[in-house]
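Here's the letter readout for the chains.
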Amino acid sequence: AQKITQTQPGMFVQEKEAVTLDCTYDTSDPSYGLFWYKQPSSGEMIFLIYQGSYDQQNATEGRYSLNFQKARKSANLVISASQLGDSAMYFCAMREGREGGATNKLIFGTGTLLAVQP
Amino acid sequence: DAGVTQSPTHLIKTRGQHVTLRCSPISGHKSVSWYQQVLGQGPQFIFQYYEKEERGRGNFPDRFSARQFPNYSSELNVNALLLGDSALYLCASSPRRYEQYFGPGTRLTVT
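These protein sequence lines map, in sequence, to chains U and S.
Here this note's numbering = 1-based position in the first sequence + 84.
Here this note's numbering = 1-based position in the second sequence + 4.
Think of the hints as simulated: they come from the structure by calculation, not from any bench.
These numbers come from a predicted model, not from an experiment.
There's no promise every hint is true.
Unchecked claim - Mimicking DSBU-like on lysine-lysine, the simulated pairs with C-alpha atoms at most 35 Å apart in a straight line are:
{"hint": "1", "chain 1": "S", "residue 1": "Lys56", "chain 2": "S", "residue 2": "Lys17"}
{"hint": "2", "chain 1": "S", "residue 1": "Lys34", "chain 2": "S", "residue 2": "Lys17"}
{"hint": "3", "chain 1": "U", "residue 1": "Lys87", "chain 2": "U", "residue 2": "Lys154"}
{"hint": "4", "chain 1": "U", "residue 1": "Lys87", "chain 2": "S", "residue 2": "Lys17"}
{"hint": "5", "chain 1": "U", "residue 1": "Lys100", "chain 2": "U", "residue 2": "Lys87"}
{"hint": "6", "chain 1": "U", "residue 1": "Lys100", "chain 2": "U", "residue 2": "Lys154"}
{"hint": "7", "chain 1": "U", "residue 1": "Lys157", "chain 2": "U", "residue 2": "Lys87"}
{"hint": "8", "chain 1": "U", "residue 1": "Lys157", "chain 2": "U", "residue 2": "Lys100"}
{"hint": "9", "chain 1": "S", "residue 1": "Lys34", "chain 2": "S", "residue 2": "Lys56"}
{"hint": "10", "chain 1": "U", "residue 1": "Lys87", "chain 2": "S", "residue 2": "Lys56"}
{"hint": "11", "chain 1": "U", "residue 1": "Lys154", "chain 2": "S", "residue 2": "Lys34"}
{"hint": "12", "chain 1": "U", "residue 1": "Lys87", "chain 2": "S", "residue 2": "Lys34"}
{"hint": "13", "chain 1": "S", "residue 1": "Lys34", "chain 2": "U", "residue 2": "Lys157"}
Could you put together the complete structure from these sequences and hints?
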């Protein structure tokens, strides 16, 4: 069954430190995509980073990097040099099937609430 | 370019009523998806439309319906509202690549 698991309901991190948010997934489809979104209290989902199942290298976007371990079915988000504005809910999501396929339905985890402390 | 827009931003309805939520995708995006996010949970997929055709449907009752118009905007309709329909309804548009861009959502409260 398609499933995303985020085991950390909440995390604290000191400003300027790095933090890792955990995500594991379950799928039988060999082709899939993994996403991380940030949701501030305003509610809007902000796209952060994407990793395709066939991508050879881990994705990076500025201070965000995705630690993709295919054999372990994990896709952890690493935020370097945390900032106060990083405080938000973070969701891991998965899309089954190839890019541009018939559907781009996303399956989301339950999220991790990150609090960055000064 | 303007992002995904949704209207209204907030809505209060009574049980049994009907509601229509609207979404305008990013210019050039032909795919629109709808998600329901109940408080404390991740978003749940409701529908996807591409070029006015339904491409996916989540595990929601028939009270939920949607459509996409020639300009690619979309409406989500919910009939016979229940208290459990109270949620943030998110619309996402996609250029049919992997990114999905979400709007600010419509917060629906059913009393």
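**OP:** Please write out, lowest number first, the hints stated earlier that are contradicted by the structure.
**Re:** none
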